[in-house]
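Since the structure of chain A is already known, use the hints to place chain B on it.
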Amino acid sequence: NAGVTQTPKFQVLKTGQSMTLQCAQDMNHNSMYWYRQDPGMGLRLIYYSASEGTTDKGEVPNGYNVSRLNKREFSLRLESAAPSQTSVYFCASSNRGLYQPQHFGDGTRLSIL
Amino acid sequence: EDQVTQSPEALRLQEGESSSLNCSYTVSGLRGLFWYRQDPGKGPEFLFTLYSAGEEKEKERLKATLTKKESFLHITAPKPEDSATYLCAVSASNTGNQFYFGTGTSLTVIP
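So the sequence lines, in the order shown, correspond to chains A and B. What the first sequence shows, in this note's numbering, is residues 436 to 548, in sequence order. What the second sequence shows, in this note's numbering, is residues 4 to 114, in sequence order.
It cannot be assumed that every hint is accurate.
What the hints assert, rightly or not - Residues on chain B that point at chain A, a partial pick, calculated with CB under 10 angstroms:
1) Gly35
2) Phe37
3) Gln41
4) Lys45
5) Glu48
6) Tyr54
7) Lys66
8) Thr68
9) Phe75
10) Tyr103
11) Phe104
Treat the hints as calculated values from the structure; they're not laboratory data. The beta-carbon is built from N, C-alpha and C at its ideal position, and this holds for glycine as well.
Here chain A stands alone, though its shape is the one from the complex (with noise of 0.2 angstroms):
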């Protein structure tokens, strides 16, 4: 049972590149979310998935765009990275509604030059 898996694990890019970062969850859960974990900053939420068919934007979303691709795969695209967006991401999931806890995976550690 793998939980939560992303990948890739690391990444370099240069400033205008353009990449996704793909999540895929095993526990049959209803909701996904991606998060950016910043030196000195808690987990801020870039986007969320309640459910299959729906995304919304959470506190920092500016710069990316996501894709509910099926209900195991959510994925994570920088359209044109800039240095601002180094940092390192986790993706989430839960099973449907607020009181739940979330599964984090091991994270893409991103540097963009």
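This is chain B only, laid out in the frame that chain A set:
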């Protein structure tokens, strides 16, 4: 205004020296308070959910408690393998569909 504040930022304990970590929150209509453990290079690992004041949860050397304004994570007789960053998060009626995370307490247990 910060929704969730954790203290201290860092804590060093001798093996066996019990202590507590604090998570204070300023939200309305708490739905749940969540504790996580995060090891270097890993994602947060879920530990506990607390839903109402007075509730307590235990797991091995860890015990989480909740009041109307804060939560404590008590660590009894810690071991070096308890070294990690501990995060708390809240979900509440005034946070919409979001969880808000604190910045964590980095715990080091010295043998």
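Taking the hints in turn, this is what the structure says about them:
{"no.": "1", "hint": "Gly35", "verdict": "holds (5 angstroms)"}
{"no.": "2", "hint": "Phe37", "verdict": "holds (5 angstroms)"}
{"no.": "3", "hint": "Gln41", "verdict": "holds (9 angstroms)"}
{"no.": "4", "hint": "Lys45", "verdict": "holds (5 angstroms)"}
{"no.": "5", "hint": "Glu48", "verdict": "holds (7 angstroms)"}
{"no.": "6", "hint": "Tyr54", "verdict": "holds (7 angstroms)"}
{"no.": "7", "hint": "Lys66", "verdict": "violated (17 angstroms)"}
{"no.": "8", "hint": "Thr68", "verdict": "violated (17 angstroms)"}
{"no.": "9", "hint": "Phe75", "verdict": "violated (18 angstroms)"}
{"no.": "10", "hint": "Tyr103", "verdict": "holds (7 angstroms)"}
{"no.": "11", "hint": "Phe104", "verdict": "holds (4 angstroms)"}
Hint compliance for this structure: hints 7, 8 and 9 are broken, all remaining hints hold.
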